[in-house]
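Enquirer: Chains as they are written, first to last, in this note's numbering: chain L, -1 to 176; chain G, 7 to 255.
Be aware that a few hints might be false.
[As the list claims (entries may be wrong)] These stretches of chain L come out as covered by chain G in the derived footprint (C-beta under 8 Å, 3 or more residues): (1) 63 to 69; (2) 153 to 164.
[What the hints assert, rightly or not] Covered stretches of chain L (in silico footprint by chain G; criterion: 3 or more residues with CB under 8 Å from a CB of chain G, positions within the stretch not fixed): (3) 111 to 119; (4) 122 to 132.
[To be verified] Chain G is nowhere near these chain L residues, computed Cβ spacing over 10 Å in every case: (5) 42; (6) 52; (7) 53; (8) 54; (9) 55; (10) 57; (11) 58; (12) 167; (13) 169; (14) 170; (15) 171.
Hints are computed from structural coordinates only; laboratory data are not their basis.
Backbone N, C-alpha and C define an ideal beta-carbon position, used for all residues, glycine too.
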Amino acid sequence: MKVPQQAAKFEELAMPLFDQLYNFARWLTQDTAEAEDLVQETYTKALRGFSSFQLGTNFRAWMYRILRNSFLSSRTGLKVTVAIDEDADESSLPSESNTPESILISQATRDSVQQALADLPVPFREILLLCEVEEMSYQEIGETLAIPIGTVMSRLFRARKALRDLLLKQNQGGRHGM
Amino acid sequence: MACEQWRGKLDAYVDGELESPEANALGTHLRSCASCAADALGRVQMKRSVQMAGQRYTASAELRNRITKIAAAKPRRSSGWLWILAVPALSVLVLSVALNWYVRRETARHQRVYSELADLHVAALASATPVDVVSTDRHTVKPWFQGKIPFTFNLPDLQGSEFTLLGGRVTYLAQTPGAHLIYQIRKHEVSVFIFQDRGEETAGAPSGPVSAASFNAENWTQGGLRYFVVGDVSANDIQALSKLLKDAG
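Construct the entire structure; sequences and hints are all you get.
Expert: This is the structure:
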């Protein structure tokens, strides 16, 4: 029978993503109840639209895209969405070098990195999570965020820089406080 | 290649996104250049820190159970009912039941599109910032959407009509981005939604006027775009705004 097969297929593809989708939703919303609602909405929408999903294309990117779009059109999403100036393209990627401070930052504590991630604007936070935590390729990130690969690269570059700046600031603040 | 040129590629290198000839060349360079090697190491450590810090939240068992039930459910838009047609003994009765069911299901699908649009309309108006670009000038609103949605559209000149443009925002219907414009007429707000005409979800609703749950609506396809006009104003007002949009598009 076609229908149960399709349901089984959906479950088989979608459930392994559950933990990661929740983690991502919780980072986006910064709230447990909202993250739970968002994950539930994502699965409901995905199941409803599963017949239009083409097997063989990237299911994970498809699920993340649904989750992210649902978040963007939620009340919190609309409030926190910041327009990011995408003028920098691949060819004009700055070649700024990592200064010795960045080595210092790389040894920052887990708490301070979590704080800095939470403080980043949503477009930067989400692209870092997709790249580092979900270990998505640039291609997959592009599909998830509906942006070209050049933009993935420039946004990632800027997100990393913003994170470094925040960590540096924390570090300096901590030193002054002592 | 000088260090300066390699530095621009270090991020792609540590992300595993450089093509192998270039990655090999950069690898060779890193073995002979302490400063670039330290730089690459810093980036790798940073990636590790974010990876560890990002794995932060664990869902409750209750949510997992809820989601498992949803994922195991039968997809609503299936075509599994067709097997019924293969049972000849029950053909007439079953056919009429199936047909009735099919019509109701299609109607429900259309209503879902409208109820989702009505939700978007109400949610936007209830929001503290109903529009993200606030302007009565179509020449401000239209360019604002550039780069935010994958298509462009024309907006009507409202001179001589009772409508005022309040502004616009980006919206999503069935995971497809689109434009949401809000117009005002006699203190009532009317939403205009524009999407690319390719999603089955948006195409699910037949063209023409609709009236449901105190909302009036109209929709049509023009120039590859699907337009929806939704509001709690009279059907005549909806038609008037639709005509202005059709003439402009």
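Enquirer: Now tell me, hint by hint, if it's right for this structure.
Expert: Verification of the hints:
no., hint, verdict
1, 63 to 69, "holds (count 4)"
2, 153 to 164, "holds (count 5)"
3, 111 to 119, "holds (count 3)"
4, 122 to 132, "holds (count 5)"
5, 42, "violated (6 Å)"
6, 52, "holds (12 Å)"
7, 53, "holds (14 Å)"
8, 54, "holds (18 Å)"
9, 55, "holds (13 Å)"
10, 57, "holds (13 Å)"
11, 58, "holds (14 Å)"
12, 167, "holds (16 Å)"
13, 169, "holds (13 Å)"
14, 170, "holds (18 Å)"
15, 171, "holds (18 Å)"
Of the numbered hints listed earlier, the single one contradicted by the structure is hint 5.
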